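Novice: Below, each chain spelled out in residue letters.
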Amino acid sequence: MVLRKEDCWYKNVCTYDFCTNCIRYSEMKYLMQNSGLSKNRQRPIALDGSRDPEPFKLLADIKGDIVNFVNNGESLYIFSEKTGNGKTSWAIKLLLKYFDSIWAGNGFRVRGYFQHVPSLFTTLKDFSKSHESLRNTLMSVDLVIWDDIASTKLSDYDAQQLLIIIDQRVSDGLANIYTGNLTSQDALTKAVGQRLASRIWNMSTLVEFKGKDRRSEW
Amino acid sequence: MVTLQIISKILATQDLSIVENNLLTADYFVGYEDEYNYLIEHKKAYGNVPDKATFLSKFPDIELVDVTESDRYLVDSIREEYLYYKSVPVIQKAAELLKSDSNAAAEYLIHSLQELQPSYRLSGVDIIADAKDRYNQFKERKEHQEDWFFTCGFEELDELIHGIQREEELIVIFARTNQGKSWVLEKMCTHVWQLGFNVGYVSPEMGANSIGYRFDTLHKNFSNKGLMWGKDDIDEKEYSDYIAELPKNDNRFIVSTPNDFNRQITVTKLKNWIQQYKLDLVAVDGITYMTDERYKRGDNKTTTLTNISEDLMSLSMELRVPILVVVQANRGGVSQDDSDGTPELETIRDSDGIAHNASKVISIRQTKDGILKIEIKKQRFGAVGGKLNYQWDIDTGSFVWVPAEDDATKPEKRERAIKTERKKFSGDKEDVF
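From first to last, the protein sequence lines stand for chains A and B.
If you count the first sequence from 1, position 50 lands on 50 in this note's numbering, and the numbers rise without skipping.
Just add 218 to the spot in the second sequence (first one is 1) and you have this note's numbering.
Pulled out of the complex, with its shape left as it was, chain A reads as follows:
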């Protein structure tokens, strides 16, 4: 693999001199490229926790122990009424930290995936190979970010499709991070149905952000 040093995530911190055939770079690149993350989201991001110190601390703790979080098949729901206060960024930060922790020995397997939920149903209705491939990925990778879950009310069919995948993941002991704007189980139930809402609300660590929209600052 040709390493473009300027592309390397570790270019500012790495002290290892031999970039040619760098396995960390190629494993990280593989994990990133197959993560569903757009290129600009594959970069490390610094988050300011001054407005939400408690949730930030909790998430920092999870980040520090991300491998166990995933290995234990845990789930996390990061929610807030407001938009733009770091829910998705935090979820991605956890995913990237997971990649950073498991690249050695990964063997070029897809381990984590970012899925913007409102976009999912368009793909799932396309009964092609990419549909099959995406479904397999969502069912099998160690960690999935379900971004913006329940931002729109799901049809019964869509909710059923999502339930099948998440249900399977929970049964298989695979980890999930949900982000969304619904702040109560009732609201979630109305949007995605009782069964799915119950899995998200009752089986996850709940983290609520209360800070205002800071997109312009990031």
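If you are wondering where the hints come from, they were derived from the structure by calculation, not from laboratory data.
All figures in this text were calculated on a predicted structure; none of them were measured in a lab.
Cβ coordinates follow ideal geometry from the N, Cα and C atoms, glycine included.
It cannot be assumed that every hint is accurate.
[What the hints assert, rightly or not] Here are the simulated PhoX-like cross-link-like pairs (lysine-lysine), alpha carbons at most 25 Å apart as the crow flies:
id: 1; chain 1: A; residue 1: Lys5; chain 2: B; residue 2: Lys586
id: 2; chain 1: B; residue 1: Lys455; chain 2: A; residue 2: Lys63
id: 3; chain 1: B; residue 1: Lys438; chain 2: A; residue 2: Lys11
id: 4; chain 1: B; residue 1: Lys631; chain 2: B; residue 2: Lys360
id: 5; chain 1: A; residue 1: Lys5; chain 2: B; residue 2: Lys642
id: 6; chain 1: A; residue 1: Lys5; chain 2: B; residue 2: Lys443
id: 7; chain 1: A; residue 1: Lys190; chain 2: A; residue 2: Lys82
id: 8; chain 1: A; residue 1: Lys5; chain 2: B; residue 2: Lys647
id: 9; chain 1: B; residue 1: Lys262; chain 2: B; residue 2: Lys227
id: 10; chain 1: A; residue 1: Lys63; chain 2: B; residue 2: Lys641
id: 11; chain 1: A; residue 1: Lys11; chain 2: B; residue 2: Lys637
id: 12; chain 1: B; residue 1: Lys514; chain 2: B; residue 2: Lys262
id: 13; chain 1: B; residue 1: Lys642; chain 2: A; residue 2: Lys11
id: 14; chain 1: A; residue 1: Lys5; chain 2: A; residue 2: Lys39
id: 15; chain 1: A; residue 1: Lys39; chain 2: A; residue 2: Lys11
id: 16; chain 1: A; residue 1: Lys57; chain 2: B; residue 2: Lys647
id: 17; chain 1: B; residue 1: Lys227; chain 2: B; residue 2: Lys519
id: 18; chain 1: A; residue 1: Lys39; chain 2: B; residue 2: Lys586
id: 19; chain 1: B; residue 1: Lys449; chain 2: B; residue 2: Lys438
id: 20; chain 1: A; residue 1: Lys190; chain 2: A; residue 2: Lys63
id: 21; chain 1: B; residue 1: Lys586; chain 2: B; residue 2: Lys605
id: 22; chain 1: A; residue 1: Lys93; chain 2: B; residue 2: Lys641
id: 23; chain 1: B; residue 1: Lys350; chain 2: A; residue 2: Lys93
id: 24; chain 1: B; residue 1: Lys350; chain 2: A; residue 2: Lys5
id: 25; chain 1: B; residue 1: Lys641; chain 2: A; residue 2: Lys5
id: 26; chain 1: A; residue 1: Lys5; chain 2: B; residue 2: Lys637
id: 27; chain 1: A; residue 1: Lys63; chain 2: B; residue 2: Lys637
id: 28; chain 1: B; residue 1: Lys519; chain 2: A; residue 2: Lys11
id: 29; chain 1: B; residue 1: Lys443; chain 2: B; residue 2: Lys586
id: 30; chain 1: A; residue 1: Lys11; chain 2: B; residue 2: Lys641
id: 31; chain 1: B; residue 1: Lys642; chain 2: A; residue 2: Lys63
id: 32; chain 1: B; residue 1: Lys642; chain 2: A; residue 2: Lys93
id: 33; chain 1: B; residue 1: Lys360; chain 2: B; residue 2: Lys350
id: 34; chain 1: A; residue 1: Lys93; chain 2: A; residue 2: Lys11
[Stated by the list, open to error] Short derived list, chain B residues pointing at chain A, Cβ under 7 Å:
id: 35; residue: Ile589
id: 36; residue: Gln609
id: 37; residue: Asp646
Take the given structure of chain A and dock chain B to it, following the hints.
Specialist: Only chain B this time, still in chain A's reference frame:
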């Protein structure tokens, strides 16, 4: 008449199997021995039964006949005729002896009758009575591994397949198109050449120089793009010195294209080629380019490829030369989008007979990031399913094993390698993510 019928049938069907399968020798073809020998020799030399025109130009007086009888009938008849021809002089001599000495006549008859009994038995080895041979071979293998196995150039793969066995070895490398099959094949060949052995490479798609440039890349890491495109990034002096040194090696790396085989690459021609160049390893970059010498009208591609692979394995057994072949997987093999996995055995294009005849089958896949995934799909004397990943720089021909928790190397080796990889970056100045 039956001899003429059989010769006519062989020419009409272009198939010698009636003779080969029933052990019919020249003795059976009384009065047609020359014709019989011509058919056999032609097939040996050119890989096929001569056509009627060629045959008639050699034997213009023969009058070929139409034959509709079954092989079974023809074989029974010629055997009966053969017995008759062999019996007549015996009976005549016994009758002569009987006139003067009936005891001597009876003794002669009993002895001769035993010899008259035709032998339709095929040969075999008694693995019980001849068990000692086996033990001796085991000892030989144990004490002189190098006489029995080549390493293949991929150290970790060698651990899984115990290298390339130097006899009774037909290794199939398969993948979808443009995945690096030929590179992997040539990497193995180059390595065996580096060990000091003679290698033969049949290249249906590329000329000798292209294979030569790949060899230079694999052997000494010269930029393949630089060589192929004549770019300045090749140090001409360094390359020139290297080229000047190469002929000092005693062992050869022979590249032949279909033209060198008169456009028909048959197993018989391969045999001659191996013997001519005293080859220790043979690689065929595309089994579908070979011609089936047992082809019968109506045979489909599956039958043809099954026959060829069977003949290649027999050749390997006969000459004690391992043969590596490349086969293409069909489109169903593995999706381009699919990020994991290599093609499955059943996707070998046009023939599962190839996999059946192979001693080892290795499936490969190259990801768009230059990762070569290798999986053992079949091996007669070892475990299947073992996976390996290599980081492959196609331009410099380097393959670096990437240890993975699910690969098939020994756990202690794998864990050590993973730890070493992590350790390389323990000096990171700070946490990035």
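Novice: Check each numbered hint from earlier against the structure, then list the numbers of those it violates in ascending order.
Specialist: 2, 3, 20, 23, 24 and 28
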